[in-house]
Amino acid sequence: MTISFLIIAVVTLAGAIAAVTLRNLVHCALALVGAFAGLAAAFLQLDAQFVGFAQVLIYIGAVAILVLFAVLLTRGGEPPQPQTFSWSWPWGLAVALAVLGMLAWAIAGSVATRRQPAAQVEATTKQIGDALMTRFVLPLEVAGLLFTVALIGAVLVAMREEGKSE
Amino acid sequence: MTPLAGYVLLAALLFSVGLVGALTRRNAIVVLIGIELMLNAANLNFIAFWRFGEHPEALTGILFVLFSIGVAAAEAAVGLALVIAIYRHYRTANVDEMDALKG
Amino acid sequence: MVNGLDQLFVNLKHALVGLFPAPVQPWVSVGVTAVAIVLVFATLFAITTVLERKGLGRIQNRYGPNRVGLPFTQLRLFGFGQPIADGIKALIKEDFVPARADRVVHFLAPLAMLVPLTLTFAVLPYGRNMLPLDLDTGVLYFFAVGAGAELAVFMAGWSSRNKYSLFGAMRAIAQMISYEVPLILSAVAVVMMAGSLSTRRIVEAQLGHAGWLPDWFVFTPWGLAGFLIFITAATAESNRSPFDLPEGESEIVAGYFLEYSGFKFAIFFMAEYFGMFAAGGMAATLFLGGYGAPAPWLEWIPSWAWFFAKMMGFIFLLIWLRGTLPRLRQDQLMNFAWKFMLPLALVSLGAAALWHYMAPGLARWVVCTVAVAGPYLLLGRGLLERKGLGRRVYRFAE
Numbered sequence: 030m031t032i033s034f035l036i037i038a039v040v041t042l043a044g045a046i047a048a049v050t051l052r053n054l055v056h057c058a059l060a061l062v063g064a065f066a067g068l069a070a071a072f073l074q075l076d077a078q079f080v081g082f083a084q085v086l087i088y089i090g091a092v093a094i095l096v097l098f099a100v101l102l103t104r105g106g107e108p109p110q111p112q113t114f115s116w117s118w119p120w121g122l123a124v125a126l127a128v129l130g131m132l133a134w135a136i137a138g139s140v141a142t143r144r145q146p147a148a149q150v151e152a153t154t155k156q157i158g159d160a161l162m163t164r165f166v167l168p169l170e171v172a173g174l175l176f177t178v179a180l181i182g183a184v185l186v187a188m189r190e191e192g193k194s195e
Numbered sequence: 007m008t009p010l011a012g013y014v015l016l017a018a019l020l021f022s023v024g025l026v027g028a029l030t031r032r033n034a035i036v037v038l039i040g041i042e043l044m045l046n047a048a049n050l051n052f053i054a055f056w057r058f059g060e061h062p063e064a065l066t067g068i069l070f071v072l073f074s075i076g077v078a079a080a081e082a083a084v085g086l087a088l089v090i091a092i093y094r095h096y097r098t099a100n101v102d103e104m105d106a107l108k109g
Numbered sequence: 005m006v007n008g009l010d011q012l013f014v015n016l017k018h019a020l021v022g023l024f025p026a027p028v029q030p031w032v033s034v035g036v037t038a039v040a041i042v043l044v045f046a047t048l049f050a051i052t053t054v055l056e057r058k059g060l061g062r063i064q065n066r067y068g069p070n071r072v073g074l075p076f077t078q079l080r081l082f083g084f085g086q087p088i089a090d091g092i093k094a095l096i097k098e099d100f101v102p103a104r105a106d107r108v109v110h111f112l113a114p115l116a117m118l119v120p121l122t123l124t125f126a127v128l129p130y131g132r133n134m135l136p137l138d139l140d141t142g143v144l145y146f147f148a149v150g151a152g153a154e155l156a157v158f159m160a161g162w163s164s165r166n167k168y169s170l171f172g173a174m175r176a177i178a179q180m181i182s183y184e185v186p187l188i189l190s191a192v193a194v195v196m197m198a199g200s201l202s203t204r205r206i207v208e209a210q211l212g213h214a215g216w217l218p219d220w221f222v223f224t225p226w227g228l229a230g231f232l233i234f235i236t237a238a239t240a241e242s243n244r245s246p247f248d249l250p251e252g253e254s255e256i257v258a259g260y261f262l263e264y265s266g267f268k269f270a271i272f273f274m275a276e277y278f279g280m281f282a283a284g285g286m287a288a289t290l291f292l293g294g295y296g297a298p299a300p301w302l303e304w305i306p307s308w309a310w311f312f313a314k315m316m317g318f319i320f321l322l323i324w325l326r327g328t329l330p331r332l333r334q335d336q337l338m339n340f341a342w343k344f345m346l347p348l349a350l351v352s353l354g355a356a357a358l359w360h361y362m363a364p365g366l367a368r369w370v371v372c373t374v375a376v377a378g379p380y381l382l383l384g385r386g387l388l389e390r391k392g393l394g395r396r397v398y399r400f401a402e
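Chains as they are written, first to last, in the numbering used here: chain X, 30 to 195; chain S, 7 to 109; chain R, 5 to 402.
Hints listed in this document are in silico derivations from the structure and should not be mistaken for laboratory results. Don't take each hint at face value.
[To be verified] Within a straight-line C-alpha distance of at most 25 Å, the following computed DMTMM-like cross-link-like pairs (lysine to aspartate or glutamate) qualify:
1) X:K155 x R:D140
2) X:K155 x X:D76
3) S:K108 x X:D76
[Unchecked claim] Computed Cβ-Cβ distance ranges for the label pairs, DEER-style:
4) R:V370 x X:L175: 53 to 61 Å
5) X:T177 x R:A357: 15 to 23 Å
6) X:W116 x R:G386: 55 to 63 Å
7) X:W116 x R:G354: 37 to 45 Å
8) X:E170 x R:K343: 19 to 27 Å
9) X:Q149 x S:R94: 38 to 46 Å
10) R:S265 x X:Q149: 27 to 35 Å
11) X:T31 x R:H18: 43 to 51 Å
12) R:P330 x X:T31: 50 to 58 Å
None of these values were measured; they are calculated from a predicted model. Positions of the beta carbon are idealized from the N, C-alpha and C atoms, including for glycine.
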C-alpha cells in the first residue's frame, strides 16, 4: 500500500467515525466534510478527476451546508440530551460488525480483487460528455426530472404552512 | 493486498461506519449523515472497480457515480426538509420519540 | 527579445530548478511555483488595499492614506507604506477568543477560508507556458475548491457564539450559494464554446483575431452577457459592495468576522482579496482572452503583463462599484440572483448555442443580440413591480 493511500484512508475513516460518534451536531457535520474531502482525494488518486471535483463541489459545497442549516433549524426545542446513542445501540453495532465481517470475508476470498491493475486509464471530460449524450442520455433526462421534483418537493415539505394553525 | 482490495476494504469500512451511525444514533440528522456515508462508500467501490477492472474505456463506473452523487444530493435535500417539517410538529429531532403513526 | 521577456519567469524557474539534483527536481519545481504565487499575490494584496482606500477616497472627494511611507525615513511614497503599518498592527494586536466560543472551530475558520481560495490560483494561466497546474477539469476545479470557502464562513459565524455573527454567516452563505449558480452557468457557456474545461484550451481558443477584433468571448453577444453575469456574481461571491450586507459595517458590525481580531482578521481580509483576485483572473481567462493581446501589433508587451492588467482592471471595477453603488437588501439580493440572473444565464447559454450553429456574418450578430437583449429587457421591466413595458416612472425625481 502506498503512503498516500494510507493517509487518505486514515483521514476518511477518522472523519467518518467522528461524524457518527460526536455529540455536538455541528462538529459531526464538519467531520463529515473531512470524510468527503478524503473521498475526493481517493477519487483523484484513482484517476477519476471529474468525479473527484464533482464530489467536492456537490458534497462539500452543497450537501454539507444543507446538513449544517438543518442542524441550526432543528435546535433549541428540547433540553440538551445526555445520551447521544439510542437504547438499542448494541444491536446496531452488532449488525454493523456482522456486515463488515461479511464484506471483509468476501473481499479476502474473491478472485476479482487479486488481479493486478491495468495500465493508464483515461477519463477525459470530453469522453464523459460524449457518453452522457449518447449512451446515457435517458438517465440524464430522468435525472433532470428527478432534480426538479426533488427541488419542488423539498421546498413544499419544508415551507411553513400559511393560515393553518400548528 | 492489491490496490483494488485496499480500496474495496476502505469502502466496506466506511459502509459499516455509516451503518453504525444510521442504526445507533438518536438524532435524525445523524441518521441521514450515516446514509450519506453509505452512499459515498458505494461510490468509492464503483470507482475502484472501474479503475482496476475490465473495460475502463466504457466509463460505466464514472457515469454511475455521477448519477449516484446527484441522486444522493437530491435525497439529502428531501430528507432534511422532512426532518425540519417533523421538528416543527414534534419539537424534537429524536427518532426514538417519533413512534406514533397518528400525527 | 519579445520572446525573452515573455518567457522570463519560465526561464528563471528552469534555471533555478536545474541547480538541484535530478531526484528532487519535481518537488523543487512545485515548491518554486507555489512560493512564487503566494509571494506575488500577497504583495498584490498589500498594494490593492492601499489602492482601494485611495480610490474610495478620491471617489468620495478626499485623499486616501498618504502619509505612511518607508519606515524610519521621511519618504512619504504617496501612502504606499500603509500596508506595512497595517501588517504590523495586525500582528501585534491582542488575539482574544470569546470565553464561550468553540475554540477549535474558531481557530480553524480563517485557515479554512484562506486555503481553498489560495488553491484556486493553481489553474489560472498567468502567461504563455505559465499555467501552474494543467488539469483536464480546470474550471470545475476552480469552482469546486472555491465552494470550500462557504464552509469557512459558517465556521466563523457559528463558533463565535454570537447572534450577530451567526446572522451574518447565514446571510453570507445564502448569498454565496445563490450566486454560485449564475456564476457557474455563465462559465458553462464558455466551456461549451471552447469545447474543454481546461483553462489552457479556453485561452488558446481566444488567441486568434477575426479582422481587427480579437477572438475574445466578450466580443460576442452571448459572451458579453455571460461576462456581465460572471462579474456580478463574482462580486456577490466575494461579499463586496453592493452585495456586502453580510459584513455591512453600518448594519451588523462586520458580521461573521465580528469576534476575530489581529492576525486572524488579517487572514480573513487577505482571503477575501484573494477571492477577488481569483475571480478576476478567471473572468480574464474565460471571457477576456487570458494572456492574449488585443491586437497583433501589441504583442511586444509580455503575456503575463496582459493577464495581470486584465485582472487589475477587474479589481479597479470592483473598487469603483464599491464607492458608487448603495448596498442591496437581503431579499433584493436573493431575488436578483434567482429571478433575474439565473434565467439570463440560461438565455446566454441558448444564445451561445445559436451563435455556434449559425454561419458567421451579420445575421448571427443580430439574432444573438436580440436573443440576449430581449429577455433582459422583458425580465428587467417585468420584475420591477410587475408593470410590464410601460414608461419608467420615477418616485422622487422631477
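For each hint given before, does the structure comply? Return the numbers of the non-compliant ones in rising order. The structure breaks hints 3, 4, 7, 9, 10 and 11; every other hint is satisfied.
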